[in-house]
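Going down the list, the sequences are from chains A and B. Sequential numbering from 13 applies to the first sequence in the numbering used here. Sequential numbering from 13 applies to the second sequence in the numbering used here.
Derived from the structure by calculation, the hints contain no laboratory data. Possibly wrong hints are sitting among the right ones.
Since copy identity is lost for identical chains, a pair holds within one copy or between any two.
Said to hold, decoys possible - Listed below are the simulated SDA-like cross-link pairs for lysine to any residue, each with C-alpha atoms no more than 20 angstroms apart in a straight line: (1) K91 x N14; (2) K21 x V83; (3) K15 x M72; (4) K91 x V16; (5) K15 x G68; (6) K21 x V79; (7) K15 x R75; (8) K91 x H41; (9) K67 x A19.
Number of protein chains: 2
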Amino acid sequence: MNKVNLAEKLAMIGGHWTPRIVGELNGQHVNLVKFQGEFVWHDHGDEDELFLVLKGGFRMEFRDRSVELTVGAFLIVPKGVEHRPVAIEEVEVMRFEPAAIQYIGEVDSPMTVRNWERI
Amino acid sequence: MNKVNLAEKLAMIGGHWTPRIVGELNGQHVNLVKFQGEFVWHDHGDEDELFLVLKGGFRMEFRDRSVELTVGAFLIVPKGVEHRPVAIEEVEVMRFEPAAIQYIGEVDSPMTVRNWERI
Numbered sequence: 013m014n015k016v017n018l019a020e021k022l023a024m025i026g027g028h029w030t031p032r033i034v035g036e037l038n039g040q041h042v043n044l045v046k047f048q049g050e051f052v053w054h055d056h057g058d059e060d061e062l063f064l065v066l067k068g069g070f071r072m073e074f075r076d077r078s079v080e081l082t083v084g085a086f087l088i089v090p091k092g093v094e095h096r097p098v099a100i101e102e103v104e105v106m107r108f109e110p111a112a113i114q115y116i117g118e119v120d121s122p123m124t125v126r127n128w129e130r131i
Numbered sequence: 013m014n015k016v017n018l019a020e021k022l023a024m025i026g027g028h029w030t031p032r033i034v035g036e037l038n039g040q041h042v043n044l045v046k047f048q049g050e051f052v053w054h055d056h057g058d059e060d061e062l063f064l065v066l067k068g069g070f071r072m073e074f075r076d077r078s079v080e081l082t083v084g085a086f087l088i089v090p091k092g093v094e095h096r097p098v099a100i101e102e103v104e105v106m107r108f109e110p111a112a113i114q115y116i117g118e119v120d121s122p123m124t125v126r127n128w129e130r131i
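All chains, full assembly: derive it from the sequences and hints.
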């Protein structure tokens, strides 16, 4: 039951595309991630994912459209829907998702990080 | 898969202590609430709750201590732990919790709102 200051946690995060877990509740994780550039196309068979922008902005691409997100906006990507985050400049994002999720679903990529650090 | 702008949703919320649901994923709800004053002591037998401060600040009281929260900080209250939010001035909070939760557990109070509107 300790409070978590998002700015303090974000200051501890170096690099891109590697979420850090900052909270857990009801089998879900809260994690923070910084990224820039294009991720890989992927989906999650059993998990919905929420992306809340804390700093900057990014575009979530779907196969048939895309959604632009800026600070203070969130998007829920339902299970099974292919998506790809793209950020022109570095963005800071808070995510909610099941603790059991695989970062990029079944896709294998150098961007895959299987074990996320808790900070 | 529509984005949700927190400021737009918050502008739609009048009154205090009545959460509005703004998202659902993995059996969990994202809701927004404004409040001021003292709530009632309560706990939730089966649900952990996350409180993220979007504007202002408040104090989460526990039976043995309290935690002060300001903008950009969150706190997870584990299931079964009695708590009471207290805000000197109006605060805006985003919460993340199981969809099945009862707002104030088993406690009966005029502050109870059983059916939350989606906005």
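Okay, the hints, checked on the actual structure:
Taking the closest pair of Cα atoms, K91 and N14 come within 20 angstroms of each other only across two copies (15 angstroms); inside a single copy the shortest separation is 31 angstroms, beyond that limit. In the homo-oligomer, the alpha carbons of K21 and V83 lie at most 20 angstroms apart both inside one protomer (17 angstroms) and across protomers (14 angstroms), since each shortest distance falls under that limit. For the identical chains of this complex, K15 and M72 are inter-copy neighbours only, at 10 angstroms across copies versus 30 angstroms inside a copy, given an alpha-carbon limit of 20 angstroms. Within a single copy, K91 and V16 get their C-alpha atoms only as close as 28 angstroms, which misses the 20 angstroms cut-off; across copies the closest is 18 angstroms, which meets it.
Proximity of K15 to G68 under the C-alpha cut-off of 20 angstroms is restricted to the inter-copy arrangement: shortest distance 15 angstroms between copies versus 24 angstroms within a copy. With identical chains, the CA atoms of K21 and V79 are at most 20 angstroms apart between copies only, with a shortest distance of 18 angstroms across copies and 27 angstroms within one. Taking CA atoms no more than 20 angstroms apart as the test, K15 paired with R75 passes between copies only; the shortest distance there is 17 angstroms, against 38 angstroms inside one copy. Taking the closest pair of Cα atoms, K91 and H41 come within 20 angstroms of each other both inside a single copy (16 angstroms) and across two copies (16 angstroms).
In this assembly of identical chains, the alpha carbons of K67 and A19 lie at most 20 angstroms apart whether taken from the same copy (10 angstroms) or from different copies (15 angstroms).
Checked against the numbered hints given earlier, this structure breaks none of them.
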